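K.L.:
Spelled out, the chains give:
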Amino acid sequence: MSVIKLTGGRVIDPANGVDDQVRDIYVKDGRIVASLADGDKVSAEYNVSGRIVMSGAIDMHTHIGGGKVNIAREMLPEDHRDDPVARTEITRSSCGYCAPGTLAAGYRYAEMGYTSCFEPAIIPMNARQAHMEMGDTPIVDTGGYAMLGSDDFLLRMLVAKEDQQTINDYVAWILHSTQTLGIKVVNPGGISAFKFNQRKLDVDEQNAYYGVTPRQILRTLSRAVHELGVPHPLHVHASNLGVAGNVDSTLATMDAAEGLPIHLTHIQFHSYGSEGDRKFSSGAARIAEAINRHKNVTADVGQVLFGQTVTASGDNMSQYRNSGLASPKKSAVMDIEMEAGCGVVPFKYKDQNFVNALQWAIGLEIFLMVDDPWRIFLTTDHPNGAPFTTYPHLIKLLTDRSFRNSMLDTINADAKAMSNLASLEREYSLYEIAIMTRAAPARILGLTDRGHLAPGAAADIVVYKEDADRERMFEKPELVFKDGELVVRDGKVVKVVRGNTHVVKPEFDRGIEKKIEPYFRQYHSVRMNNFKISDDELCECGGGSKLIPHACRKRS
Amino acid sequence: MSALVLTLRSAPAQRVDAGALNPTALAGMTPADVAALTLQVGKNVVRVDALFDLSGDDPGDIVFRGDCSRFERIGAGMKSGRVTVEGDAGGYVAQRMLGGEVIVTGSTGAFCASGMKGGRVEVRGNVGDYAGGAVPGDMKGMAGGLLLVAGNAGERLGDRMRRGQILVSGNAGDYCASRMIAGTIAVAGTVGAYPGYLMKRGTLILNALPVQMLPGMVDCGAHRLGFLSLLYASWKGLPGAFGALDASACTVRRFMGDMGATGRGEMLIRG
Amino acid sequence: MTNEATSSVVAEVACPFCGLACDDLSVDTGGDALAVVAGGCPKAQAGFARMGVAHAGAGARIAGKAVSFEEAYAEVARRVKTSALPVFSGMALDVNGMRGVMDLADAAGGVVDHLYSEIGWRSTRVVQDIGYVTTTLAEVKNRADLIVLVGTDVVTKSSRFFERYVWNDEAMFEPAPSARRIVYLGGDLNTAPGRSPDGREPEVFDFDCSRMPEALSTLNALLAKQPVRDAAPLGIEIARWQALADALRAAKYSVLVWMAGDFQPSQVDLNINAIMAVVRTLNVSTRCNGLGLGGADGELNASMVHAWQTGYPMRTSFASGIPLYDPVHNGSARLIAEGETDTVVWVSALNDTKQPPAEACVVIAPPTLKLEREPEVFIPVSTPGVHHVGHFFRGDKGATLPLRALRATGLPSAATVAAAITAKLKEVSA
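Chains as they are written, first to last, in the working numbering: chain A, 650 to 1205; chain B, 165 to 435; chain C, 47 to 476.
No lab work stands behind these hints, which were simulated from the structure alone.
For lysine-lysine, the following BS3-like pairs were computed, each having C-alpha atoms within a straight-line distance of at most 25 Å:
no., chain 1, residue 1, chain 2, residue 2
1, A, K1141, C, K472
2, C, K271, A, K978
3, B, K207, C, K127
4, A, K997, B, K304
5, C, K203, C, K400
6, A, K999, B, K281
7, C, K127, A, K1144
8, A, K978, B, K281
9, A, K997, B, K281
10, B, K364, C, K271
11, A, K978, B, K364
12, A, K1144, C, K472
13, B, K207, C, K472
Bear in mind the structure is a predicted one, so any value in this text is a computation, not a measurement.
Turn these sequences into a full structure, and let the hints guide you.
P.N.:
In structure tokens:
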């Protein structure tokens, strides 16, 4: 039994309404407890008086594992050369900046105070690989969202006008079979359309073969996720990624959920107008207004920060279209297993490039114009907008207006002129940062024992030394605890632990397999039983990760 | 001051990155400073003076003596000064070199002058594969400067070369000028199979028709190309086969290709 | 034929003996050796029969003398610890086996090299240089209308390619599988499996496969609407080449298939570059994809794990404590030939026929491997998919198959052995 006491810290715990209150925190066997029982002996006490204490941060959308990420790693030796992670007595060597190895990613996340990371684009057939990579991402908890919406099985069900209940069973079966935490839809129906040589697909445009529209897919899947009681709403990468003027299709995407919960991911990339001389403008105001108005909508930003990165997406239609913009000039695009696809395109965001600079401004505008920090999440869509290691810099941009304006003064002047960023006075408080990086992601993912510091919570705890320079503060926490173990001290890993895997297991009718099994036999490349990942196998491919199932409350 | 001479005591068993021992990196250092630098040999970290005997004191003029075929990246990234290898050198000689001069009296390993941007490299023996070529992860090979080879070149000479000149007095191996983007390669002897495979632009000058040519290298007939006389004149006095060309003899048979890869590369066969 | 209902037959078994990883095998576990009774191929039958035994009596040896596993682990740990540059080669492993060796190689400061890395690094170079547009086997099965096999018949290495992915009873989309057009680029290939079920012969461009650059140069020029020098490239009249180019343009979902190992090693990356030029040209107006197959002997298990853990592909040196990638110089054959390594550790759990290099002082392999010479240390291991569960990446990167445990053995897995050696190594360090 281990008992830890953190004494005298300034606790910020928005899930429990705690804003900068001095409190002691007790941890017993990896969980936070209200107080010690008689006979409990504190095995380690940390005097954290004056320090800011938060729960471990949660990245709800970060491409850390799976086929496309590994393509990016293989593609970019030039990315890795200057960013090595040296072997130590306790850590292994690894490397990479925008496409780091899993080992480097896990260490760096932990060193920044992140204790949970979620891979948002798991192609069902690729779920094993994604779990293996996440299993080799040390320290942090992981989980993922399974991609549906361009899979032929679902599209055929829509054509056949199967009832919602049957579709729900299929969606639940996918969640079980892939051991995931949510459902993602990427360019709804568009990945399939690209295989039929369609190069764009608007929300009400039909897939050339199936005649199904993105709106139908969104409506059906958002309802399925809702009715199954999966805590995380349908996670949507909307149509027309990166296209000037896509703000209209993004608003149409919100409408397609018909009031049911929907999460729009990397919304910055979907908030573009087509005004001005260059036919590219900010749609942030319209998007923020819509989010503020639609309480069923949440979004993560996918902030762009300047520099070299690599974009990796399941949206092969868009990534093929973008491959001409690759820098350096190389790209990988794949059609994958009648389920989805992927595209990997290295990209360099330049502050003197009009479009890139405006993308930067649009992301910040959205952050600052969405009123409710519980419904907007801090992401760069790692590595698509920037690598996750830029989060402390992003936090500084959000919390420090004068810093933000000084950066704004350095970007492309035409882009600056097109943005209202200078007029936005808002500065995020530490409390709000804690909401958007801890409390809110835990809530929206249904992680009841993460993202807060109340008794019963897992002891994922971060201790920061307060610093007016928020970038410096957040890039190097003093202490990080993972499930009660001290894993980072002064921004360096001191102990390597294995994180858990978060999944949901909604109830469903197993009779659906009578439809799925022959489909696999006829059309797929593997047998259904070899597609499904059992609990035992998950732990095997996760290298021994503990499985944490989260409750689903059926709503149909 | 006299040249800083590094005389190898005995050849290490593993390849050693000696890129740090160049005039730019050593500027301002005393011989004692240099002696105390460390290099990685296999799993071990070794002081420079454990590997070499040092004499002389001018870090702007460095001489390697002995069999340095296991020492890689000699002269890499240097901006000025001179490095002389009296004997063989390993791979990546003058990689990403910006200026100055590297002379190798023997032969080099692979990727000689890879990513080189300026300066001059003279190899009196042979160069290995991918001389002037791109290393995995680089989008282009040599990007400037001059590589002179008295002997032969291996395969993929000038692979993805972007700018600069490579003059080979001997022969070149297969796939010479593969994926070449721009620049000039001249080979006095023979070339191996399929020169100009996926070549986009750039100029390959040969003295004889290659034996195995790609169908995408299209014969455009005999031409008198004025720029060649300027080019030949610029080479006047260089050691090797290209230092004494008749500047007026600029009629060549011109091939363009590789036609499926933009087709703007030219292969010129001197008459 | 054994009845599937017999309790000793296990159905839907995935096969780890080639890159296709077919998962429709039925394996009878009742006999002394495993027997494939349905869905296999000669390679699968031989593999399961040969390695699918209990390995009774097999044990570790040092200098030919029986020792305990613990002694053998300690001896290997001592050797890699004192080595100036240990090399771990072979690597015919499942995912967990590779994970174990990676841990060991990092701690030991070595280099990891798969037996196909000499081809593999050149193949990987394509994604590093230009990228690709590719597809996977299930897509081929349902969509492909024109399949061009570039310098390979596939079936020599992966015999069930046509059976499982081309000549299916039914595809999800047009055309019917039997209407698919098959074209072989290159001669001396087994083209019989390319004949359609209704007897339509495949089209064969018959030439020496080492001259593939000429074929691809021709095709790319024609697709770019450019001239070529020869009236009949490779002795084949230009009209046939033009017809192929036209067919590719007209196809809705053409697929160009290659196996890197079937190209001349020095041409691997250039030929795939040239194939990708074809694919990219065609994708401007229609859909066309590459399909690179391979993956035998756990090639992708090794390359994928290496890349995801360290960021780099194989042939990366961990000697200095940070990963340094140099695929040209860190090949095991080269390191051995140049005397750069003093300790070669051969690890192979899936392959019991390939001989380790003569310099391998440590051999970690199934006891069925008939060694030509006794290594200084031999550690027998069990085989994934035969004796223990595991994971196997299919050669198209489209799927990872679960491998099953079908036969009990007292031998440890390669992952267990690697972990034990790593633990000993750390004891030595501490």
